[in-house]
Amino acid sequence: MGAYPSRDAGTRAFPIVIVGHVDHGKSTLVGRLLHDTDSLPDGKLDQLRSVSEKRGLEFEWSFLLDALQVERDQGITVDVTQIWFHTAQRRYVIIDAPGHKEFLKNMVTGASRAHGAVLVVDAKVGVSEQTRRHAYLLHLLGVAQVVVAVNKMDLVQHDQQRLLEVEREITGYLGEIGIRPRAVIPVSARNGDNIAERSTVMGWYRGPTITQALDGFARRPSPIDAPLRLPVQDVYRIGDRRAIVGRIESGRVSVGDTVQLSPTGRRAHVASIEDWNRSQPRETAGAGESVALTLDEEIFAVRGHLLTAPEAPPAECRAVAVRVFWFDEEPLRAGRRMRARYGTADVDVTVAAIEKVVDVETLDSGPATHVERNGVAEVVLRSTQPLYLDKFADNPRAGRGVLMNDYKVVGGFIVERPLQASRNITAIRTSVSRPEREKRNGHRGAVFWLTGLSGSGKSTIANGTLRRLFDNGWQVQLLDGDNLRDGLNADLGFVREDRAENLRRTAHVARLLAESGVIVLAALISPYARDRAEARRIVGDGFYEIHVHADVEVCRLRDPKGLYSLAASGQVASFTGVSAPYEIPVQADLVLDTTAGAPERSIEALVGYVNDRCGLGVGERHGGWGAYLA
Amino acid sequence: MDDLDWLEAESIYILREAYGRIDHIAMLWSLGKDSNVMIWLAKKAFLGRVPFPVMHLDTGLEFPETYAFRDRYVREWGLELINDACPPIEEIDPSLPPNSRLAARKTAGLKQALAKYGFNGIIAGIRRDEQATRAKERVFSPRRNQGEWDFRDQPPEFWDLYNAEFPPGTHVRVHPLLHWTEVDIWRYIRRESIPVVPLYFAQGGKRYRSLGEIGITFPIDSNAGDIDAIVAELETIRTPERAGRAMDHDSEDAFERLRVAGYM
Chain A
1 MGAYPSRDAG
11 TRAFPIVIVG
21 HVDHGKSTLV
31 GRLLHDTDSL
41 PDGKLDQLRS
51 VSEKRGLEFE
61 WSFLLDALQV
71 ERDQGITVDV
81 TQIWFHTAQR
91 RYVIIDAPGH
101 KEFLKNMVTG
111 ASRAHGAVLV
121 VDAKVGVSEQ
131 TRRHAYLLHL
141 LGVAQVVVAV
151 NKMDLVQHDQ
161 QRLLEVEREI
171 TGYLGEIGIR
181 PRAVIPVSAR
191 NGDNIAERST
201 VMGWYRGPTI
211 TQALDGFARR
221 PSPIDAPLRL
231 PVQDVYRIGD
241 RRAIVGRIES
251 GRVSVGDTVQ
261 LSPTGRRAHV
271 ASIEDWNRSQ
281 PRETAGAGES
291 VALTLDEEIF
301 AVRGHLLTAP
311 EAPPAECRAV
321 AVRVFWFDEE
331 PLRAGRRMRA
341 RYGTADVDVT
351 VAAIEKVVDV
361 ETLDSGPATH
371 VERNGVAEVV
381 LRSTQPLYLD
391 KFADNPRAGR
401 GVLMNDYKVV
411 GGFIVERPLQ
421 ASRNITAIRT
431 SVSRPEREKR
441 NGHRGAVFWL
451 TGLSGSGKST
461 IANGTLRRLF
471 DNGWQVQLLD
481 GDNLRDGLNA
491 DLGFVREDRA
501 ENLRRTAHVA
511 RLLAESGVIV
521 LAALISPYAR
531 DRAEARRIVG
541 DGFYEIHVHA
551 DVEVCRLRDP
561 KGLYSLAASG
571 QVASFTGVSA
581 PYEIPVQADL
591 VLDTTAGAPE
601 RSIEALVGYV
611 NDRCGLGVGE
621 RHGGWGAYLA
Chain B
1001 MDDLDWLEAE
1011 SIYILREAYG
1021 RIDHIAMLWS
1031 LGKDSNVMIW
1041 LAKKAFLGRV
1051 PFPVMHLDTG
1061 LEFPETYAFR
1071 DRYVREWGLE
1081 LINDACPPIE
1091 EIDPSLPPNS
1101 RLAARKTAGL
1111 KQALAKYGFN
1121 GIIAGIRRDE
1131 QATRAKERVF
1141 SPRRNQGEWD
1151 FRDQPPEFWD
1161 LYNAEFPPGT
1171 HVRVHPLLHW
1181 TEVDIWRYIR
1191 RESIPVVPLY
1201 FAQGGKRYRS
1211 LGEIGITFPI
1221 DSNAGDIDAI
1231 VAELETIRTP
1241 ERAGRAMDHD
1251 SEDAFERLRV
1261 AGYM
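Order-wise, the sequence lines are chains A and B.
The opening position of the first sequence corresponds to residue 1 in our numbering, with each subsequent residue numbered one higher.
The opening position of the second sequence corresponds to residue 1001 in our numbering, with each subsequent residue numbered one higher.
Hints are not guaranteed to be accurate.
[What the hints assert, rightly or not] Simulated pairs of lysine to any residue, SDA-like, Cα-Cα distance not exceeding 25 Å:
#, chain 1, residue 1, chain 2, residue 2
1, B, Lys1043, A, Ile273
2, A, Lys44, B, Ser1222
3, B, Lys1043, A, Asp240
4, A, Lys391, A, Met404
[What the hints assert, rightly or not] So the derived label-pair ranges between C-beta atoms look like this:
#, chain 1, residue 1, chain 2, residue 2, range
5, A, Asp541, B, Gly1048, 28 to 38 Å
6, A, Ser579, B, Pro1051, 18 to 28 Å
7, A, Phe470, B, Glu1076, 52 to 62 Å
Don't read these hints as lab results, they were simulated from the structure.
Note that beta-carbon positions come from the ideal geometry of N, C-alpha and C, so glycine has one too.
Required output: the full structure, derived from the provided sequences and hints.
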């Protein structure tokens, strides 16, 4: 909707949002704004007038926005729409935000894109519940530029005294949440007073009209001077090189710069910024740009990692104090487990504590056991994985996220402060070093992590390899998913969080064994790339991801544990490859395809691979373990 | 960065999210200007190649110029094309108004392809400014597998933290051009020299502003014979872009009905 205006076509339209309590006249204001700035397509008004007539309704300006039939029937605006208009100065895009309480999630969707807001208040009714709630959310979302439209002045006889009363009320509230409105404007949207034209009936008012006030808004500055934050979105191959792709959230990056990867801490220099069909390669790129970077060194990176400026990396923490806004019908309680997504990271979190729930009416906040739907609260989130977050106040784009439950977005959060882990743990240096152990064993300790579908042959290959290595005199141990679930992981099920925890514990056990010089063969389905990356992070050097691949059809036929048939009949929930996903490794160190051929071939290949990775040089060896080679 | 740079960067980000997070994905290629821009953006996002199939829902009723364009650029752009024929009109809901019924063949063609190839993600080049019901869309928009769109209960979407994971039995429509406008598209086509079907340029005082099937798509009065003239025309034009698409005008809610049932 809204004609595309000609002026100033070379710059982005300035995004604004119109918020306020239901029935205070937001849609009318938008309709009038379009008309009075001459931004309506030809025929639109006539079409709506005739539709209104056909339905026996008196024409309302708000019909312009009620483009969907159901909205007209229900008399409320259902969802975010996008509408363009222009003033003499520039183009605007209105993200229409609805006022009904049920639709908070839509308002957040709209307002999160806005650089400025018009808060509409009914002159007769004054500040209402949604007025406060919307204003509070603007503040949470970082929309600081606000004008207040005191609407329906015609219903209070254009009384200046009434304006002053409403003004006192609203500026008082806004002041407490740190918003200073640019103007408080008496308007009558229905009659077009002080929208684009100065009112003739409110001559006592000397301030700006709505369009004049909007023209005074400044664009939110692009965070190009903040430290570099580039969440890794993906890694693409270009021939034999790898490019890390993602969008720069803040800062800038140039060819030759040193960058640091969280969580591994590895550093490298930017070798190139890759593009397609560009006349000149980019030497530098800044906040907002989507890039593909090659580095001068191959460092392991996956989606969810973060490239940063080495001199100013984000805090690493496992707990974070956040302000949450909550959408889910199920109230938020301490102990609840969810997924948190920020940048491209996707981590499991637990609500460690609900510190305070904010009453947006009174702005009181007090202790509470839970957060109701549409509520706002201060909460501590904890994760077993490290989090890399900035304070929202310092770097908004790197200090915010969404909360997910199953497949649903249940809330959003902004970071108040990362919490230092005070764990009172000091690592003790052991008196026997890893190289000493490895020398005695005659080989290095390492972890070979076999991932693949159930029935792909992981256990068979791991067991065969175990036997062969043991017979050759190696220190070797098998960690099998099923066996571990019998003891260490007996408390865990198969939901997403439990699978992650299962792998985390297994990875820590594998690491202890590898540090003591043992070769670990870990055979676990480990379907999620994120969990495997976490295992790699926990183990550190000497971690090898082995993808045991077989087509799911083949696995189904083999079905060594009878699980596929159980899954097919619905008796096993979330079974990988059937009712739960398997994310194929994109950067596996070794792929063993077992679709065709005897398992002996894969065992042979893995034994050779282990030997190459763990065998010590001639001078380092002792004993007769090298016999394998003969 | 100017406004086109911002739009381009955002679309590339969206395309990379879609490709990285959805396992079986395809892009709809209607052969119109918007979907050509989308392919161009995909080539930028994936450094020169389009790593998923492009799908033309073929009713057999496109203009000859449109087919010629398709056959040429499939080769030049190195695309993996799926162009199965859409189900015939006889299989389409007879209660729909005639023009909408013709358009609904595409919806049926899409459902057919979803079932046949098992895609759980479809990238489509719709824009919010095209049509009022499209203005309601999300960038990542979940659909039940029959394609229905529940516009009353759309998921929240904010801060570009898109949700790409939906329950089994759902597919996702991804809309990388959602925030572009018609004139943005043409200015970008001009900047990047992206080829388009020649029917967009005026001949004998008429040009197609929006391309669809023969019989339900009509040209507008125009003398805009090149991109500069089109951009100039759009900066003053006061009629909606889809005015020449008959199905939008069958009845007041025709297009909405199409979309709820799964139309793009």
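We went through each hint and held it up to the structure:
1. Taking the CA atoms of Lys1043 (chain B) and Ile273 (chain A), the gap is near 16 Å; set against the 25 Å cutoff, the hint holds.
2. The suggested pairing of Lys44 (chain A) with Ser1222 (chain B) holds, with an alpha-carbon distance near 21 Å, which does not exceed 25 Å.
3. The hinted pair formed by Lys1043 (chain B) and Asp240 (chain A) meets the criterion: a straight-line CA distance of about 19 Å does not exceed 25 Å.
4. Our distance criterion of 25 Å between C-alpha atoms is met by Lys391 (chain A) and Met404 (chain A), whose separation comes to about 21 Å.
5. Checked against the hint of 28 to 38 Å, the C-beta distance between Asp541 (chain A) and Gly1048 (chain B) comes to roughly 35 Å, which is consistent with it.
6. Between Ser579 (chain A) and Pro1051 (chain B) the CB atoms are about 27 Å apart, so this pair conforms to the stated range of 18 to 28 Å.
7. Under the hint 52 to 62 Å, the C-beta atoms of Phe470 (chain A) and Glu1076 (chain B), about 59 Å apart, fit the expected range.
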